[in-house]
Amino acid sequence: MNSICEKMKDQIADLVTGILPEAQVHDLEQHLNECAACRDYARALKDEDMLLTEFFAKIDTDMTSRQERVLQTVNRSCLSKQTDTLSIRRIIMKNPITKLAAAAVIIIAVLIGINQFGGSIDGASVAWADVAERFESVPFFNVTIYLGLGPYAEDQKMEIHKIEIWTSENSQTRTHSGNEVIFADFADGNNVVVAFDSSTMQPLNADRMAKVANSFHGFLRAEGEFSLDALLNGFPADDKGITLFETADTAASKETVLFEVKHKTTPTTQCSIWALRKSKLPIRASLRAPQHKIYADLLFNYSEKKDTKFFDPEAFTSQQTDGEDRQRQRLQDENGTSD
Amino acid sequence: MNARLDESLVRACQRDDKTAYAVLVKRHYRHVFAMCLGVLGNVDDAEDIAQEAMLKGLLKIKKLDKAEQFESWILQIARNLCIDFLRRRKRTKALGIEQPTQPAQRIGKNHDLQQAIRRLPQELRVPLTMYYFDGKNAKTIAEKLDISHSGACQRVRAARKRLHELLTERENNE
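Chains as they are written, first to last, in our numbering: chain F, 1 to 339; chain E, 1001 to 1174.
Here chain F stands alone, though its shape is the one from the complex (with noise of 0.2 Å):
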């Protein structure tokens, strides 16, 4: 091997990696069929390269269980950091829109629960049966709600927050909680949830959502009649056990009846539902549950249908677009300007 091939070696090397360009190959092999030195060299490192190659590769076999080795960790990590630092009922509290659906779980709950052992109320003539049965065979509606929460330490104050829902006929929900725009459709058993920021028009995590949205399934009748299971689901434990209501006189004025609910075990959990007496709609539920720390005021409302436009998706974010659109116009219009 002479001066020549030494210089020949970073070639050689580079060939042998598959990183030699073009231009270079042709001299080098020229040189490589004249060169026995350099050819055992190059055979050497064309060896050594499969050498490597296999090495690699055999590490590279394992990689699969040992990124799920990462992931179990990673998730068992999530899983004792939540447990560590957030109770149940915090994540609950964390976000608006699940601190929506824990309070509306309650009040449907309740309400539910007091259909399920509606026998036990009576008074005024009117039934809290006939209440339940009325709410459930309405074909839309909306709700306000105001929802108080908190405090959750001396030194705060009760946030207050004020959510709206509209249902469809059609399984649709359109929920509105400060800058978040929520749809949801249910119809055809579809399980579509969508969110989008109000302000921004951006995308949200739909995924977070989905499982709130799923909590007011239960409003839509999905089977023809509310499902306990479903406004149940994901809610503390403890929870679940609402088996027993107690009634005070249902007559709170000429034009409507009041109903009292308390929870069986834990008592403090108390719901008021003011529902009128000739249409046999509930009206307003007011609930205070001190020991999740959630006092709401539910608003219903029968007479105001939403078209199908109002529970698409696409025809929001179309809509805010052409609004923007014709905003910008008018603006060019008045500086008389134009594209």
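Just so you know, these hints were derived from the structure itself, not from any lab. There may be inaccurate statements among the hints.
To be verified - With a cut-off of at most 20 Å between alpha-carbon atoms, the simulated PhoX-like pairs for lysine-lysine come out as follows:
id: 1; chain 1: E; residue 1: Lys1066; chain 2: E; residue 2: Lys1018
id: 2; chain 1: E; residue 1: Lys1018; chain 2: E; residue 2: Lys1090
id: 3; chain 1: F; residue 1: Lys9; chain 2: E; residue 2: Lys1161
id: 4; chain 1: E; residue 1: Lys1066; chain 2: E; residue 2: Lys1090
id: 5; chain 1: F; residue 1: Lys46; chain 2: E; residue 2: Lys1060
id: 6; chain 1: F; residue 1: Lys58; chain 2: E; residue 2: Lys1136
id: 7; chain 1: E; residue 1: Lys1144; chain 2: E; residue 2: Lys1066
id: 8; chain 1: E; residue 1: Lys1026; chain 2: E; residue 2: Lys1056
id: 9; chain 1: E; residue 1: Lys1066; chain 2: E; residue 2: Lys1056
id: 10; chain 1: F; residue 1: Lys46; chain 2: E; residue 2: Lys1161
id: 11; chain 1: F; residue 1: Lys58; chain 2: F; residue 2: Lys157
id: 12; chain 1: E; residue 1: Lys1161; chain 2: F; residue 2: Lys7
id: 13; chain 1: E; residue 1: Lys1090; chain 2: E; residue 2: Lys1063
id: 14; chain 1: E; residue 1: Lys1144; chain 2: E; residue 2: Lys1026
id: 15; chain 1: E; residue 1: Lys1139; chain 2: E; residue 2: Lys1090
As the list claims (entries may be wrong) - In silico negatives: residues of chain E with every beta carbon more than 10 Å from chain F:
id: 16; residue: Lys1018
id: 17; residue: Asp1065
id: 18; residue: Ala1067
id: 19; residue: Pro1121
As the list claims (entries may be wrong) - Label pairs and their computed distance ranges (CB to CB):
id: 20; chain 1: F; residue 1: Glu169; chain 2: E; residue 2: Lys1062; range: 54 to 62 Å
id: 21; chain 1: E; residue 1: Glu1169; chain 2: F; residue 2: Ser65; range: 49 to 57 Å
id: 22; chain 1: F; residue 1: Ser318; chain 2: E; residue 2: Ser1150; range: 20 to 28 Å
id: 23; chain 1: E; residue 1: Lys1018; chain 2: F; residue 2: Gln291; range: 37 to 45 Å
id: 24; chain 1: E; residue 1: Ser1150; chain 2: F; residue 2: Gln30; range: 20 to 28 Å
id: 25; chain 1: E; residue 1: Lys1062; chain 2: F; residue 2: Gln202; range: 30 to 38 Å
id: 26; chain 1: E; residue 1: Lys1062; chain 2: F; residue 2: Asp47; range: 27 to 35 Å
id: 27; chain 1: E; residue 1: Val1023; chain 2: F; residue 2: Asp47; range: 50 to 58 Å
id: 28; chain 1: E; residue 1: Asn1080; chain 2: F; residue 2: Gly150; range: 39 to 47 Å
id: 29; chain 1: F; residue 1: Pro21; chain 2: E; residue 2: Arg1027; range: 56 to 64 Å
id: 30; chain 1: F; residue 1: Glu159; chain 2: E; residue 2: Val1023; range: 31 to 39 Å
id: 31; chain 1: F; residue 1: Leu281; chain 2: E; residue 2: Lys1062; range: 45 to 53 Å
id: 32; chain 1: F; residue 1: Glu154; chain 2: E; residue 2: Leu1086; range: 29 to 37 Å
id: 33; chain 1: E; residue 1: Leu1086; chain 2: F; residue 2: Gly150; range: 43 to 51 Å
Cβ atoms here follow ideal geometry from the backbone N, Cα and C, with glycine treated the same way.
Since the structure of chain F is already known, use the hints to place chain E on it.
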């Protein structure tokens, strides 16, 4: 595109979506492991430190501002952890409390190769390991190590030449 996907996954993690971090682990664990293997030269140590790096990433992801740079960020975490590990090992050695090493045994060509790879300087071992782990793609190494393409080629070439010398040296000594 990959950086954009990483960006959206990191943003999801920052919104407490734990499933998004699992996707990031699936996308990047292999490279993190390769980096650790390159620096440490030992599969078991690389596995431990790569796992530690992924966990550290999970804990610190909320602080990551440049979400699109997740890959270089997690590789840097892995590299730093490897360096800490080597420092700890060096201190343990200096204190003379390390377990006595087994005398070298000739198990086969793979053993020779493993020993030779371990004897490579770290700046050559890392690109060589990543090169063979990443489908022999110098461009990918350049991106992951934040060096030029020619720089990556140069290091792989130098690693191959040095490795050959180490293997030949061993053969001649026997």
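Here's how the hints hold up against the structure:
1. E:Lys1066 - E:Lys1018: holds, 19 Å
2. E:Lys1018 - E:Lys1090: This hinted pair is violated, its Cα atoms lying about 36 Å apart.
3. F:Lys9 - E:Lys1161: holds, 8 Å
4. E:Lys1066 - E:Lys1090: Distance ~34 Å between lysine 1066 (chain E) and lysine 1090 (chain E) Cα, so the pair is violated.
5. F:Lys46 - E:Lys1060: violated, 44 Å
6. F:Lys58 - E:Lys1136: holds, 16 Å
7. E:Lys1144 - E:Lys1066: holds, 16 Å
8. E:Lys1026 - E:Lys1056: holds, 16 Å
9. E:Lys1066 - E:Lys1056: Holds, at about 17 Å.
10. F:Lys46 - E:Lys1161: Judged against 20 Å, a Cα distance of about 12 Å means the pair holds.
11. F:Lys58 - F:Lys157: The hint is violated at about 61 Å.
12. E:Lys1161 - F:Lys7: Measuring from Cα to Cα gives roughly 12 Å; hence the hint holds.
13. E:Lys1090 - E:Lys1063: violated, 31 Å
14. E:Lys1144 - E:Lys1026: Given pair lysine 1144 (chain E), lysine 1026 (chain E) holds - Cα atoms ~17 Å apart, limit 20 Å.
15. E:Lys1139 - E:Lys1090: The given pair, whose Cα atoms are some 33 Å apart, is violated under the 20 Å limit.
16. Lys1018: violated, 5 Å
17. Asp1065: It holds; aspartate 1065 (chain E) is separated from chain F by about 18 Å at its closest Cβ, greater than 10 Å.
18. Ala1067: holds, 14 Å
19. Pro1121: Given a closest Cβ separation of 16 Å, the condition holds.
20. F:Glu169 - E:Lys1062: 54 to 62 Å: Violated: the Cβ-Cβ distance is about 43 Å, outside 54 to 62 Å.
21. E:Glu1169 - F:Ser65: 49 to 57 Å: violated, 36 Å
22. F:Ser318 - E:Ser1150: 20 to 28 Å: violated, 50 Å
23. E:Lys1018 - F:Gln291: 37 to 45 Å: For glutamine 291 (chain F) against lysine 1018 (chain E), whose Cβ atoms are near 28 Å apart, the range 37 to 45 Å is violated.
24. E:Ser1150 - F:Gln30: 20 to 28 Å: holds, 24 Å
25. E:Lys1062 - F:Gln202: 30 to 38 Å: At 19 Å between Cβs, range violated.
26. E:Lys1062 - F:Asp47: 27 to 35 Å: Between lysine 1062 (chain E) and aspartate 47 (chain F), where Cβ atoms are some 49 Å apart, the hint is violated.
27. E:Val1023 - F:Asp47: 50 to 58 Å: violated, 40 Å
28. E:Asn1080 - F:Gly150: 39 to 47 Å: At 41 Å between Cβs, range holds.
29. F:Pro21 - E:Arg1027: 56 to 64 Å: violated, 32 Å
30. F:Glu159 - E:Val1023: 31 to 39 Å: holds, 33 Å
31. F:Leu281 - E:Lys1062: 45 to 53 Å: With a Cβ separation near 47 Å, leucine 281 (chain F) and lysine 1062 (chain E) satisfy 45 to 53 Å, so the hint holds.
32. F:Glu154 - E:Leu1086: 29 to 37 Å: 50 Å Cβ-Cβ, so the 29 to 37 Å window is violated.
33. E:Leu1086 - F:Gly150: 43 to 51 Å: holds, 50 Å
Comparing the model with each earlier hint shows violations of hints 2, 4, 5, 11, 13, 15, 16, 20, 21, 22, 23, 25, 26, 27, 29, 32; every other hint is respected.
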